[in-house]
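Participant: Those protein sequences? They're chains L and S, same order as listed.
Here this note's numbering = 1-based position in the first sequence + 10.
Here this note's numbering = 1-based position in the second sequence + 8.
Just so you know, not all the hints are guaranteed correct.
Simulated pairs of lysine-lysine, DSS-like, Cα-Cα distance not exceeding 30 Å [said to hold, decoys possible]:
(1) S/Lys265 - S/Lys252
(2) L/Lys59 - S/Lys251
(3) S/Lys186 - S/Lys265
(4) S/Lys186 - S/Lys101
(5) S/Lys136 - S/Lys190
(6) L/Lys59 - S/Lys246
(7) S/Lys314 - L/Lys59
(8) S/Lys190 - S/Lys246
(9) S/Lys274 - L/Lys59
(10) S/Lys265 - L/Lys59
(11) S/Lys136 - L/Lys59
(12) L/Lys59 - S/Lys256
(13) S/Lys136 - S/Lys251
(14) S/Lys345 - S/Lys265
(15) S/Lys256 - S/Lys246
It is worth saying that the hints were derived from the structure and are not from the lab.
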Amino acid sequence: MAEIATRSRSRRAALVQREFVRFSVSQRLEHLMTMVCFAALLATGLPQKFSDASVSIWLVNSLGGIDNVRFIHRIFATVFIFSAFYHVGAIGLSITRGKFNPSMAPSLRDFVDALVMLRYSVGLSNSKPRFGRYDYRQKFEYWGIVYGGIIMIVTGLTLWFPTYVTRILPGEVVPAAKEMHTGEALLALLVIVTWHMYSVILSPSHFPGDWSIFTGKISHEKIKEEHPLEYVALVGGALEELEEAPDQVQTPTAVAASAGDGEPERAAESTGDEPSKG
Amino acid sequence: MTRSARWPRWFLVWLGMGSVALAVLLVLFRGGFASAGQTTDAPASAQAPASMSDDECLSCHSDPDASMSLPSGETISLYSDPAVFRRSVHGDKLNCADCHVRNQTVPHPSLNVVTARDFHRAEYELCKRCHFENYTRTLDSMHFDVVAAGNAYAPVCTDCHTAHSVMRLADSHVQIAKTCSKCHGAIYDDYVQSVHGSALQSEGNPDVPVCTTCHGVHNIQSATTAAFRLASVDMCAKCHASKKLMDKYGISSNVLKTYLDDFHGKTTGFYQEQSSEVWPETPVCFDCHGVHNITRVDDPNSPVMKENLLPTCRRCHADATANFPSAWLSHYEPSVKKAPIVFFVREYYRFLIPIMIVGLIMHISLDLWRLARNR
Chain L
11 MAEIATRSRS RRAALVQREF VRFSVSQRLE HLMTMVCFAA LLATGLPQKF SDASVSIWLV
71 NSLGGIDNVR FIHRIFATVF IFSAFYHVGA IGLSITRGKF NPSMAPSLRD FVDALVMLRY
131 SVGLSNSKPR FGRYDYRQKF EYWGIVYGGI IMIVTGLTLW FPTYVTRILP GEVVPAAKEM
191 HTGEALLALL VIVTWHMYSV ILSPSHFPGD WSIFTGKISH EKIKEEHPLE YVALVGGALE
251 ELEEAPDQVQ TPTAVAASAG DGEPERAAES TGDEPSKG
Chain S
9 MTRSARWPRW FLVWLGMGSV ALAVLLVLFR GGFASAGQTT DAPASAQAPA SMSDDECLSC
69 HSDPDASMSL PSGETISLYS DPAVFRRSVH GDKLNCADCH VRNQTVPHPS LNVVTARDFH
129 RAEYELCKRC HFENYTRTLD SMHFDVVAAG NAYAPVCTDC HTAHSVMRLA DSHVQIAKTC
189 SKCHGAIYDD YVQSVHGSAL QSEGNPDVPV CTTCHGVHNI QSATTAAFRL ASVDMCAKCH
249 ASKKLMDKYG ISSNVLKTYL DDFHGKTTGF YQEQSSEVWP ETPVCFDCHG VHNITRVDDP
309 NSPVMKENLL PTCRRCHADA TANFPSAWLS HYEPSVKKAP IVFFVREYYR FLIPIMIVGL
369 IMHISLDLWR LARNR
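Using the sequences provided together with the hints, build the complete structure.
Facilitator: Here it is as structure tokens:
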């Protein structure tokens, strides 16, 4: 993406027609890996939490018994731990290469954005906050996964190797780790089911799904609507130009959609719904 | 009142009397048939030698020196004390010939046995004429498996119940334990030292389990199978999860729940639901508390006494160190006093999860609301 940002303004018109690369192959694989691990760990972990439920018993027996279930759980846990290390390693590598973009770093602006969004949602204001590469909701989810992932890994390893942990720590940390592991897992599940599913699939802005994380691409309408600051940084130019930008680049559908109320944000939003990627 | 108005009442009276008479006749007839059946049976039983009286039997068998030698060289006594028999549970119901049907001719038919044990194993079959149900149960027992494997000394009816002085064993828990101890002496010695056995011995406590409470009676199963191991948890829980019974002794009745909530118990729970029989390595009650020698948890010798817990844990967790045993909350529910870290972690998620989810749903709702208004 860095090379895109250096393109000259004269080529902007051509560029904005294209899709932007949002996620690298490595990042897409990381998401896929996390997704698979998450599903597998829940499938093998929840039946242990809700061990009385008949569906749990069915699942455990289908997987060949509780010993198999725990074995599978630990295999995916290991994969998850490695993917977490890979993530940290990839960040470290990009820092040493001077390519690191701290776009996920939380800032004061995110809290301001959240407040502005709240004002917009309740109708006190008509302008949405302008987000950079990641908006406050995405940052919240990312850091939630980082925090939750660390908790799950630490408590999970405690449960896996209780005799090693209790060489240093008091025995009570083992049942506490179990309580934390099970609580954090339930929290993660509920957050993913409500929040993530809404944000990327069920929300009218994205339905039937924002597939950027799988295709790696984002349409120009979408990046301009949802990540205007990043868009500006990528293509150059001033932020104010964005207000007129939609007219220049809008597709016929977008124009039609915006004809009703003439609200540019709304118009861009509806075009964002279109599954423009293959 | 005219005659025509009165006749239905007469009719009812006749009907009533008629039906009573019919009923009486029917009862008499049935009785007649039944007695007719008996009278036809009577000659048949009279023909059989069942009429051999006890006196006839005792003319020989009341001699304390009456004996018989067997091909093995063993001698078995043929003496039976009629007084002992009359005091037994069968004393007022049976006569000699009711059981010893094949010996109703004198001289008795010859026996095809070599040893005294052969003789006893042949004679015990007599019990099944009346006690067929319990007899078939013994065929499903592990004692019978031992017989089938070639051990002639595995118990048969008369080994536990005796032949002639049969008492109702279920009436006396002490007697049950003593009966089993005839063969299982070492286990009995452990048992009488245990919290259960000593209560039975010293006070005849009817609440404590005896051998048959846990092992069953006639269809006694092997206690070394995976199935027994898995079922043992519920076996102990039959008493130890009963609040009424445990309150009597000031013991927690929460032990099963706290066990099943923990890692070990959950594993056992899943094993119980598994169809294939796998050996459950996970500990069950008696792995930590002991089996026949089970003690009070505050007994200095208890394997679950705090001071003794580490060696108990090490039986499975070989590399456990001093801190490890307190990872097990000793059947306590976490509370501020007991396991505060666990308690606060639990409370933390109890509050955080609803707050987080309600917050996120509110955010979603606001987003949807705004989108709807934009439309």
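Participant: Can you give the numbers of the hints that this structure goes against, from lowest to highest?
Facilitator: 3, 11, 12 and 13
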